[in-house]
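Protein chains: 2
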Amino acid sequence: MELQKELIEKILSGDKRAVSRAITLIENNTPAKPVLLKLLYAHTGKAYRIGITGPPGAGKSTLTDCLIKHLNTAGYKTGVIAVDPTSPFTGGALLGDRVRMSESGLLKDVFIRSMATRGSLGGLSKNVIDACNVLDAAGKDFILIETVGVGQSELDIAQTADTTVVVLVPEAGDSIQAMKAGLMEIADVFALNKSDRAGADEIASGIRNMLHLKKAAEHHRNIDVIKTIASRDTGVKELFAEILGHKSHLEKTGMFDRKRKEHLMREITETVNGNLQKNFWDDVKIQLLNNSIESIYAKTTDPYTFAEELVKSISSKIN
Amino acid sequence: MELQKELIEKILSGDKRAVSRAITLIENNTPAKPVLLKLLYAHTGKAYRIGITGPPGAGKSTLTDCLIKHLNTAGYKTGVIAVDPTSPFTGGALLGDRVRMSESGLLKDVFIRSMATRGSLGGLSKNVIDACNVLDAAGKDFILIETVGVGQSELDIAQTADTTVVVLVPEAGDSIQAMKAGLMEIADVFALNKSDRAGADEIASGIRNMLHLKKAAEHHRNIDVIKTIASRDTGVKELFAEILGHKSHLEKTGMFDRKRKEHLMREITETVNGNLQKNFWDDVKIQLLNNSIESIYAKTTDPYTFAEELVKSISSKIN
Numbered sequence: 001m002e003l004q005k006e007l008i009e010k011i012l013s014g015d016k017r018a019v020s021r022a023i024t025l026i027e028n029n030t031p032a033k034p035v036l037l038k039l040l041y042a043h044t045g046k047a048y049r050i051g052i053t054g055p056p057g058a059g060k061s062t063l064t065d066c067l068i069k070h071l072n073t074a075g076y077k078t079g080v081i082a083v084d085p086t087s088p089f090t091g092g093a094l095l096g097d098r099v100r101m102s103e104s105g106l107l108k109d110v111f112i113r114s115m116a117t118r119g120s121l122g123g124l125s126k127n128v129i130d131a132c133n134v135l136d137a138a139g140k141d142f143i144l145i146e147t148v149g150v151g152q153s154e155l156d157i158a159q160t161a162d163t164t165v166v167v168l169v170p171e172a173g174d175s176i177q178a179m180k181a182g183l184m185e186i187a188d189v190f191a192l193n194k195s196d197r198a199g200a201d202e203i204a205s206g207i208r209n210m211l212h213l214k215k216a217a218e219h220h221r222n223i224d225v226i227k228t229i230a231s232r233d234t235g236v237k238e239l240f241a242e243i244l245g246h247k248s249h250l251e252k253t254g255m256f257d258r259k260r261k262e263h264l265m266r267e268i269t270e271t272v273n274g275n276l277q278k279n280f281w282d283d284v285k286i287q288l289l290n291n292s293i294e295s296i297y298a299k300t301t302d303p304y305t306f307a308e309e310l311v312k313s314i315s316s317k318i319n
Numbered sequence: 001m002e003l004q005k006e007l008i009e010k011i012l013s014g015d016k017r018a019v020s021r022a023i024t025l026i027e028n029n030t031p032a033k034p035v036l037l038k039l040l041y042a043h044t045g046k047a048y049r050i051g052i053t054g055p056p057g058a059g060k061s062t063l064t065d066c067l068i069k070h071l072n073t074a075g076y077k078t079g080v081i082a083v084d085p086t087s088p089f090t091g092g093a094l095l096g097d098r099v100r101m102s103e104s105g106l107l108k109d110v111f112i113r114s115m116a117t118r119g120s121l122g123g124l125s126k127n128v129i130d131a132c133n134v135l136d137a138a139g140k141d142f143i144l145i146e147t148v149g150v151g152q153s154e155l156d157i158a159q160t161a162d163t164t165v166v167v168l169v170p171e172a173g174d175s176i177q178a179m180k181a182g183l184m185e186i187a188d189v190f191a192l193n194k195s196d197r198a199g200a201d202e203i204a205s206g207i208r209n210m211l212h213l214k215k216a217a218e219h220h221r222n223i224d225v226i227k228t229i230a231s232r233d234t235g236v237k238e239l240f241a242e243i244l245g246h247k248s249h250l251e252k253t254g255m256f257d258r259k260r261k262e263h264l265m266r267e268i269t270e271t272v273n274g275n276l277q278k279n280f281w282d283d284v285k286i287q288l289l290n291n292s293i294e295s296i297y298a299k300t301t302d303p304y305t306f307a308e309e310l311v312k313s314i315s316s317k318i319n
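Chains as they are written, first to last, in this note's numbering: chain A, 1 to 319; chain B, 1 to 319.
The shape of chain A in the complex, shown without the other chains (with noise of 0.2 Å):
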């Protein structure tokens, strides 16, 4: 516990390492994480959390690391999150677990950390969301978790998020797959990268219809296409810019507070549900569904019948 006040002091002074050894903690489930979450939560909710997804290979990483140089040079404190299997931040697990730091996580007040993406079915997100929080309560002023957008993560990414980017680049295939992803839906904020490529034009005009109707549809603000070229550094002033001004719309709107109660309560939810399955699953009912499997793999039984009983067996003791 005298262990825990330090590294909680340390944190909140931004100290780099115990940002690093809480996330570890966190990823590795240990005891001290709930204590540690609990105790950082009073300090969390200043920092402004960037969400940045995309199809492989739309440069999202590029993008990222561009936009730290630019937070940093503006003077704020940039926290970090990479859960993108494809990214060079993360780095990959393939014949060892080498990553491959960017030059970008050597400057001061920028905290880079990548986190997997498997081997924690179901746990992802809220391990990302719980890492966030530390980097919240260690003073960063914005966060940004970028992720691939295929699939599931992109709708993590949104239920975490403030402002969600999504990245895209000038190929139709591309950018109709995208959108096909449904990464329409949880954009706040459109980056087309790799912009000096051919029909650039066309396709940013494209997605422009296509929010105009979606705007038209749920009554949100108009979202711009950013074109940029993050190789060359190009366009991200005016990324960060449109970010700002999505900020300030939730803020003015009153969306800001309404969005962040709605992720507290998905937070919460999966909290509640993650300590459920923890109290349920005891060495007895383990042993239970070892000792079950045979006869249920030899169909005496079915898998939800066998499922119910074991539930009831407690439910029935609460009623």
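What the hints contain is simulated information worked out from the structure, not anything from laboratory work. Since the model is a prediction, treat every value here as computed from it, not as a measurement. Misleading hints may appear alongside valid ones.
Note: identical chains are not told apart, hence a pair may lie in one copy or across any two.
[As the list claims (entries may be wrong)] Cut-off 25 Å, straight-line C-alpha distance, at most; resulting in silico cross-link-like pairs (DSS-like, lysine-lysine):
| # | residue 1 | residue 2 |
| --- | --- | --- |
| 1 | LYS69 | LYS299 |
| 2 | LYS247 | LYS285 |
| 3 | LYS278 | LYS126 |
| 4 | LYS312 | LYS278 |
| 5 | LYS312 | LYS285 |
| 6 | LYS237 | LYS69 |
Assemble chain B onto chain A, guided by the hints.
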């Protein structure tokens, strides 16, 4: 209940419309769902499940289409579940829910169904497994499950399928990214699609070398890299032969039953966890959360303590 009996009989006879209706009941989480799944379970276990995954743009759905036709010509009954948001089977959900159906879907004894990847937080894989069980009970010999291999979904597919086929394309960047994402570790069979492109042979032998390392480390069977050109229906016969090779390897080594029991364990665990949540979140508790959100947001209390106490109010009644 009378209606259910009729539906079951029709499913068991392989009736396409009954199968389709059953999967809709599953997707909509109707009260009929558990009843249906319980009654069908005794009739499952015969279909062989093939997962097909890979990065977007690898040509997974064209290859899936080739496999469907190949299996159909060979006289096998085939079911297909497409969970890939970038797949033309799935079509995507932008501005409506238009599903583009491949002509293969019109073939006798072929059933193709796309399932949403969004809006069903955490419930995706379970619904897909349930749908596979319906197809299994309906007498399908093979079930193909197509999903995009980025992030979490490739892990889910490997924990559902008997054989997991990873589809790559001969672009160094892509392949390396795909491997990073963990595709390497879950592959039972490798298809190098679009293998008429430059550099295909180098990439193929590169993958073979890495697979050799994997084999040595994990005492696996020798995994070959099958070169395919799905758009010209080339290599599909060889790919299917390799899948059957993996199937007989599983059967000979006793790994088949072991793998299926592991999948069943996971399925039961997920069903239990789902039931726990469903039982827990009654109106009283939802109301309690709604009433507390303001004070948690205002930091009067923290979300972790709140979650613990909410769960404890139940547990205390048990112990």
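Hint check results:
1. In this assembly of identical chains, the alpha carbons of LYS69 and LYS299 never lie at most 25 Å apart, being 60 Å within a copy and 32 Å across copies at closest.
2. Taking CA atoms no more than 25 Å apart as the test, LYS247 paired with LYS285 passes in neither setting, with 48 Å inside one copy and 33 Å between copies.
3. Taking identical chains as interchangeable, the C-alpha atoms of LYS278 and LYS126 lie at most 25 Å apart whether they share a chain (15 Å) or sit on different chains (20 Å).
4. Taking the shortest Cα distances, LYS312 and LYS278 sit within 25 Å of each other both inside one copy (17 Å) and across copies (12 Å).
5. For the identical chains of this complex, LYS312 and LYS285 are neighbours both inside a copy (12 Å) and across copies (19 Å), given an alpha-carbon limit of 25 Å.
6. In the homo-oligomer, the alpha carbons of LYS237 and LYS69 lie at most 25 Å apart inside one protomer (11 Å), although the nearest pairing across protomers, at 52 Å, exceeds that limit.
Comparing the model with each numbered hint stated earlier shows that hints 1 and 2 do not hold.
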